[in-house]
Amino acid sequence: MDLSYGEAAETFRAEVRAFLSLHWPPPSDLRGGDLKQFVRNFRALATEQGYLHRAIPKRYGGSEQPVDVIRAQVIREEFQRARAPMEVGGNGMNMTVPTLLEKGTEEQKELFIRKTVEGDYIWGQGYSEPGSGSDLASVRTKGELSADGSKWIINGQKIWTSQGMQSTHMFMLVRTEPDAPKHDGITYLLIDLDQPGVTRRPIRQMTGEEGDHTFCEFFFDNAETPVSWQVGERGQGWYVSRTTLKHERASIGGADGLGKQFAKLVDLAKEVGRIDDPIVRDKLAQIEGSVLSHRYSSYRIFSCAAAGEDPGPVALMMKLLLTEIGHEMALLAQELIGEHGFLEPAGAGGRGNRGPRGPEKWLDQIMGSLGNSIAGGASNIQRNIIGERGLGLPRDLAMSGER
Amino acid sequence: MHFHLTEEQAAIQDAVRGTLADSWPMERVHAFADGDADFDRTSWYALMALGLGGMLAPDSGMGLLDAALVCEVAGEAAAAGPLIGQLLAVAAVAASGRGDAEALISGKTIATLIHGGSDYAPSARAADLFLIVDRAKGVRLVAAADVTIEAVKAADRTRPMSKVSIADGTGEALFAATDQMTGRLADAALVLVAADALGGAQKVTDMSVAYAKEREQFGQPIGRFQGLKHQLAHMALDVEPARALVWYAAYAWDAQLPDAPRAAAMAKAHLCDVYVRATRAAVAAHGGIGYTWEYGLNYWFRRAMADRAWLGSPAEHRARAATLAGW
Numbered sequence: 000m001d002l003s004y005g006e007a008a009e010t011f012r013a014e015v016r017a018f019l020s021l022h023w024p025p026p027s028d029l030r031g032g033d034l035k036q037f038v039r040n041f042r043a044l045a046t047e048q049g050y051l052h053r054a055i056p057k058r059y060g061g062s063e064q065p066v067d068v069i070r071a072q073v074i075r076e077e078f079q080r081a082r083a084p085m086e087v088g089g090n091g092m093n094m095t096v097p098t099l100l101e102k103g104t105e106e107q108k109e110l111f112i113r114k115t116v117e118g119d120y121i122w123g124q125g126y127s128e129p130g131s132g133s134d135l136a137s138v139r140t141k142g143e144l145s146a147d148g149s150k151w152i153i154n155g156q157k158i159w160t161s162q163g164m165q166s167t168h169m170f171m172l173v174r175t176e177p178d179a180p181k182h183d184g185i186t187y188l189l190i191d192l193d194q195p196g197v198t199r200r201p202i203r204q205m206t207g208e209e210g211d212h213t214f215c216e217f218f219f220d221n222a223e224t225p226v227s228w229q230v231g232e233r234g235q236g237w238y239v240s241r242t243t244l245k246h247e248r249a250s251i252g253g254a255d256g257l258g259k260q261f262a263k264l265v266d267l268a269k270e271v272g273r274i275d276d277p278i279v280r281d282k283l284a285q286i287e288g289s290v291l292s293h294r295y296s297s298y299r300i301f302s303c304a305a306a307g308e309d310p311g312p313v314a315l316m317m318k319l320l321l322t323e324i325g326h327e328m329a330l331l332a333q334e335l336i337g338e339h340g341f342l343e344p345a346g347a348g349g350r351g352n353r354g355p356r357g358p359e360k361w362l363d364q365i366m367g368s369l370g371n372s373i374a375g376g377a378s379n380i381q382r383n384i385i386g387e388r389g390l391g392l393p394r395d396l397a398m399s400g401e402r
Numbered sequence: 000m001h002f003h004l005t006e007e008q009a010a011i012q013d014a015v016r017g018t019l020a021d022s023w024p025m026e027r028v029h030a031f032a033d034g035d036a037d038f039d040r041t042s043w044y045a046l047m048a049l050g051l052g053g054m055l056a057p058d059s060g061m062g063l064l065d066a067a068l069v070c071e072v073a074g075e076a077a078a079a080g081p082l083i084g085q086l087l088a089v090a091a092v093a094a095s096g097r098g099d100a101e102a103l104i105s106g107k108t109i110a111t112l113i114h115g116g117s118d119y120a121p122s123a124r125a126a127d128l129f130l131i132v133d134r135a136k137g138v139r140l141v142a143a144a145d146v147t148i149e150a151v152k153a154a155d156r157t158r159p160m161s162k163v164s165i166a167d168g169t170g171e172a173l174f175a176a177t178d179q180m181t182g183r184l185a186d187a188a189l190v191l192v193a194a195d196a197l198g199g200a201q202k203v204t205d206m207s208v209a210y211a212k213e214r215e216q217f218g219q220p221i222g223r224f225q226g227l228k229h230q231l232a233h234m235a236l237d238v239e240p241a242r243a244l245v246w247y248a249a250y251a252w253d254a255q256l257p258d259a260p261r262a263a264a265m266a267k268a269h270l271c272d273v274y275v276r277a278t279r280a281a282v283a284a285h286g287g288i289g290y291t292w293e294y295g296l297n298y299w300f301r302r303a304m305a306d307r308a309w310l311g312s313p314a315e316h317r318a319r320a321a322t323l324a325g326w
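Protein chains in written order, with numbering that gives the first Met the number 0: chain L, 0 to 402; chain F, 0 to 326.
Keep in mind that the hints are not guaranteed to be accurate.
[Said to hold, decoys possible] Listed next, with one range per pair, are the computed distances between beta-carbon atoms: (1) F/H1 / L/G196: 32 to 38 Å; (2) F/D205 / L/V271: 41 to 47 Å; (3) L/L330 / F/D118: 33 to 39 Å; (4) L/S145 / F/H1: 33 to 39 Å; (5) F/Y294 / L/G375: 50 to 56 Å; (6) F/D258 / L/E334: 25 to 31 Å; (7) L/D134 / F/D118: 55 to 61 Å; (8) F/W326 / L/T10: 21 to 27 Å.
If you're looking for bench data, these hints aren't it; they were derived computationally from the structure.
Everything numeric in this text was worked out from a predicted model, so none of it was measured.
Quick reminder that beta carbons are idealized off the backbone N, C-alpha and C, glycines included.
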């Protein structure tokens, strides 16, 4: 075993570091719009250098680098160390771009990828509906061809759309063949959200939080999108939606975050004078056993990715493990803050950024860990995935789509 | 970064697995569990014939990770015999230059481990030597002639413990408490017990999954039902990521990283809890059959309880880990 990245990676690290020391951080007198432009230029420069958008061809605004998880990790580490911005995040980068690269037409790639990469287009994910969560293939939002066959006319509702208030576009699954079997009647469409047929409404979450970063629901009332914005074949949308970004996915970033959070929990125990309490020490060490399991497992997964090997079932477990550890940390934090637990979580109602945050900030963690158990694949679905794909147990008949 | 096993390491595990499947099949486990021996010659010499006894000798070209991989498979098979004591005795004797490491490596001389402050050792009646590892007092090697053994009815039927009395100052002192090797041997013992626990926890998870695929109720394999599927997923979620904790602790020991003692304590505490949880969940997943003596799950459950109690409880090691972290 060897936890170093090797000599070539360290040479590369020196290069990245030299680049960053030259171009980041921005000069101190930049403000507002100027700073935004500086960041934009910085990202363009870093892309030119081959550090960002590595999996995207140059003609669409990427840097088109060969897959190299070690290099990608070094870049992440150095950018984080310098607190330099990496790619614009969100659904666009994670979902739209990879889907278009794999299944999109040339026209779609040219229209959307560069704008997404540069942060001009922000994408909402139009999968979930009020009656269609984990059983995604049951979507009911309707798509019908216009009389002249040039447009899709969309009617229905989508819900739980992250970044919904800022989204400029949406990729969505709509039912276009009402009589086809469940998985075969769905089409994958891209749509401009800035049109009269689209109404968006923020959803107030249990955290109390409202504002730009919350979920939205969308209502489509004869909204339109050109037929040329349909991705993949008509009726094949279910399969188009299965596309994922396969490149350089492995990272040990998630483990770092968890480690930092755990360190803060230890600090909290010290701050409140409970660190000498044997029960608190035991509980902390118990949680740390899981934190370290998560961290070293991420080394394992990362090593396999670097060697082009399949890491096996452990890779299916990381999300659920993270959720469960978050929950454990939240419970201990609540115990440690005692009666501050009566307070409203610091981030609630958008008040999070006002003034210093006290012990109640840990309550964000409690609600956040609950959110984790739903977002990105609910915990029960994760358990199904571990059971079926990891342990090879038979699929639940109701979910197998067998007829 | 290379944080996974080499082909060679996987091959070692396969060889040990094959040897134990032949020399320690389930019917022998049953017979042994119902008898009163505390040692099994056949599987012991079959294992020693693989030449793995000397893995922890300084010049073996192998290390604690390799030894942990072997102990993991021994845990899987619920193997009898003082494997951990033997491996550590070789390390101690070879590093001190005292005693006959060769006879230990071949398995002809049998050594068992007794933890400082404890009254119990596995396979004590078969042991020629007792390796006493005590962080506070150092490491000693005592001949069987100088110890008194009192038979007890042991809970762990695969690796029965006997009560052992050893008078202070008997035998040969190999390392003083201040010698670095004393702490290292104590840490290595923790990692190897953690590996045994890992193997056992994985084994009972595999048994449960296999049972869920084969056993039918309401006309379908029970593993199709979400309630059980989720329970099995939870067992796997508890066990599989913890594997890396054992790997890291062994790696840290081999590389002599500063956090090696803490990693060993964390691995021992965590894996022993995982093992007990996994065996409990396995019995639940099996239903009535899991609770019968004949089915055998109880051998792993009892071994899980023994691993947990051996060399200090999880709470003890967590307390130590907390102190080592400077909390």
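Here's how the hints hold up against the structure:
1. Judged by the Cβ atoms, the range 32 to 38 Å given for F/H1 and L/G196 is violated: they are separated by roughly 55 Å.
2. Take F/D205 and L/V271: their Cβ atoms lie about 43 Å apart, and the range 41 to 47 Å holds.
3. A hinted range of 33 to 39 Å for the beta carbons of L/L330 and F/D118 is consistent with their spacing of about 38 Å.
4. One distance hint, 33 to 39 Å for the beta-carbon pair L/S145 and F/H1, is violated here, with the actual separation near 57 Å.
5. A hinted range of 50 to 56 Å for the beta carbons of F/Y294 and L/G375 is inconsistent with their spacing of about 39 Å.
6. Checked against the hint of 25 to 31 Å, the C-beta distance between F/D258 and L/E334 comes to roughly 27 Å, which is consistent with it.
7. Under the hint 55 to 61 Å, the C-beta atoms of L/D134 and F/D118, about 59 Å apart, fit the expected range.
8. A beta carbon spacing of about 38 Å between F/W326 and L/T10 contradicts the range 21 to 27 Å that was offered as a hint.
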